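Visitor: Just so you know, the protein sequences line up as chains E and U, in that order. Per the working numbering, the very first residue in the first sequence carries number 58; after that it's consecutive. Per the working numbering, the very first residue in the second sequence carries number 58; after that it's consecutive.
Source of the hints: derived by calculation from the structure; they are not laboratory data. Treat the hints with caution; some may be incorrect.
Identical chains share a label here; the pair holds if one copy fits it or two copies do between them.
[Claimed, not checked] With a straight-line cut-off of 27 Å between C-alpha atoms, the simulated BS3-like cross-links for lysine-lysine are:
1) 454 / 69
2) 454 / 209
3) 305 / 339
4) 283 / 241
From a predicted model like this one, the values you see are computed outputs, not experimental measurements.
2 protein chains.
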Amino acid sequence: MNEAEKIDILSKLVSFKSVNDHEKQVAEYLQSLFKKHGIESHLVPVNGDRANLVAEIGSGKPILGVSGHMDVVDVQAQNWKTDPFQLTAKDDKLYGRGATDMKSGLAAMVIALIELKQNHEPFKGTIRFMATAGEEVGQEGAEVLQKSGYMKDIDSLLIGEPTGYLTVYASKGELDIDLQSLGKAAHSSMPALGNNAVEHLINVINQIKAQLQKPMADATNSVLGKTIFNVDVIEGGTQPNAIPGHAKAVLNIRTIPELSNQKILDLIQEVLDNYNATTSGKVTMEVGMNIIPILGNKNSKLLKLVQKIGQPYLQKQNYTTDQIKQFEQQAKLSGIPFSADEILAVGVSGGTDASKFFIDQPNNCNYVVFGPGNNNAHQDNEYVSKTMYLDFIEIFKQIITEFFA
Amino acid sequence: MNEAEKIDILSKLVSFKSVNDHEKQVAEYLQSLFKKHGIESHLVPVNGDRANLVAEIGSGKPILGVSGHMDVVDVQAQNWKTDPFQLTAKDDKLYGRGATDMKSGLAAMVIALIELKQNHEPFKGTIRFMATAGEEVGQEGAEVLQKSGYMKDIDSLLIGEPTGYLTVYASKGELDIDLQSLGKAAHSSMPALGNNAVEHLINVINQIKAQLQKPMADATNSVLGKTIFNVDVIEGGTQPNAIPGHAKAVLNIRTIPELSNQKILDLIQEVLDNYNATTSGKVTMEVGMNIIPILGNKNSKLLKLVQKIGQPYLQKQNYTTDQIKQFEQQAKLSGIPFSADEILAVGVSGGTDASKFFIDQPNNCNYVVFGPGNNNAHQDNEYVSKTMYLDFIEIFKQIITEFFA
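Next up, chain E with everything else stripped away, as it sits in the complex (with noise of 0.2 Å):
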């Protein structure tokens, strides 16, 4: 395939407005394309307008999975300098919604994928392509493949989120509570006739933090660090001469291994059930997303090809001493060591479908990120440089080769 093919089938990704839903019609578009290379796929129905892709090529053991999502996140075309779902070039830069996000990960599988066909290269053992609808949302795609089984016979996953020349092999869980603080609401110069539903809610939230100090200070991952709470929203009242009979807050928790998402909604429950029995409050939580940490297999033979392979893409970037300067910024910051001369491997906060995928596994499973992108995702004006995307084809091709030579 040449530049312009390549370039073409990342346009035509971004093009479909996968913005939370509609993900079928981006696997059917890439089940046709596949069908023209002569790689058979098929649809796995999510709900609606959304669907999983799944194509293997070769046969047996091992499975090697690859995968990507082709969802993206919503826009505010106000923002924005082009069209967002129009790719536009301007130097070596791509622009798009999911540019960086991943369908250019995406697209860069699976050309990959089609250029190992075209090369009647035989493979001892399986290639199952995965690409999954709703990750960004509760990872519902990814969900209902490992519910099907699509995850049980696999030894490795590569998924090609994007790093840019990092790896990461382990990730927080996530823990969304919303709490509900019910009162009763009243003239605020009859406090006996009412019941004060923020200060219910904020002495709540005191307890927890307490209940939580312990264990969150006793707990700590070598890959990922400490476990981080935040209370990121909190509500009630809407005049100052009355007392407010409702307040919510969403706690939002980093996760560990070593202080399980059960542990903690544990802990919290306890509180609000001593706290309603003993007071006159009447505070309930609901949990909202719920995804368990995942510590991969530092020695697997997937990562160790991952860094071997990236390495030369990584010294050719000949970055500046400002860029080298502001990427150790960065990784302090994220608390990750940085090193400009070697693919480093790293945990992160965020998340990825392999929550659901590896939710029966989650700890030292063989499990690797690698894709094109930059610390854009999510942004307006999202890129990825072309240079990085083409390059991300040849080295995906020669991660598949490897694994299975």
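Given the structure of chain E, go ahead and fit chain U onto it with the hints provided.
Guide: Coordinates of chain U only, in the frame set by chain E:
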């Protein structure tokens, strides 16, 4: 004046949409009404379409102030069964915005003055009638009159706010304090990049409550009870994935002379200064409503007159046992003793124009609130009893006459 004329005047007052504005139109109407009956009056401008009206009858000392406000609170017209700005009679009830709070009290005072004037009775002193603008929001009209010297020679002040057949001579002060917390927004996976404004705000509220706990416990007023502290509004953050960079809260504090508004503000400022100096938080306050407690003289001549003259009207009410039980219940919740046999003199939480009128002499002033109305002030389908409205015209005439006797 016959009954129809008395109802007409109230009806005309209700027809003005003096919702926190346009009191000048009410004042001009009252001025022309007074003029028709030979009473001179003058407008005291507030600003824009707002003004107070001042009229005097008689001359020399003592000076008895009689006062009512011309503004009303807003309506949600869709919740009303009748046009809120058209006085509508049904049985003994007259419906309309301000029917209770307090266009009936204002009309009764105006008619009492006109009838006293018509009788040509000589007073040994002066009645100073003051109709005010903006009582419901900040009491700006009363503030202007006080600053212009209209209070400095007054012996006693009767305010016609709706009490029905009890009377008020003391009211708590009120402080609205806006707390603003400034942090730094960041993705919640990278807390080191952010500064959680909600958590700083919660910490500060905790510290303020701790700081005020002992002073509040130590201070009690025998008439007004305890200081009341409420967090009435809190707001910060918009999404579960982001560390909030900004948050705010509104504290509402009902104050008593034993723990002054200024002392409370000083204690809170101390918390803020200390918190901002020792943490990464930046929490500031802005004082909204700031009205001081007023503690009138329980033995004033005016108060004794109100109790004596009101008593036969109270007994005329022929309350049912159920009504009396309800009154008792309401009184209990407000911390007010209740008896169906005598006009009770009480302190209340809600303020009046007195907070500005008596700003230089808040303790032991000759301050009495007594006027027609019930407990549906500010509510949908507000009404006043026609009988009570007409009775208060007689009551006001008698109080004024006996005051100068």
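Visitor: Decide, hint by hint, whether the structure agrees.
Guide: Here is how each hint holds up against the structure:
{"no.": "1", "hint": "454 / 69", "in the structure": "within (21 Å within a copy, 87 Å between copies)"}
{"no.": "2", "hint": "454 / 209", "in the structure": "within (24 Å within a copy, 93 Å between copies)"}
{"no.": "3", "hint": "305 / 339", "in the structure": "both (12 Å within a copy, 23 Å between copies)"}
{"no.": "4", "hint": "283 / 241", "in the structure": "between (38 Å within a copy, 21 Å between copies)"}
Checked against the numbered hints listed earlier, the structure breaks none of them; every hint is satisfied.
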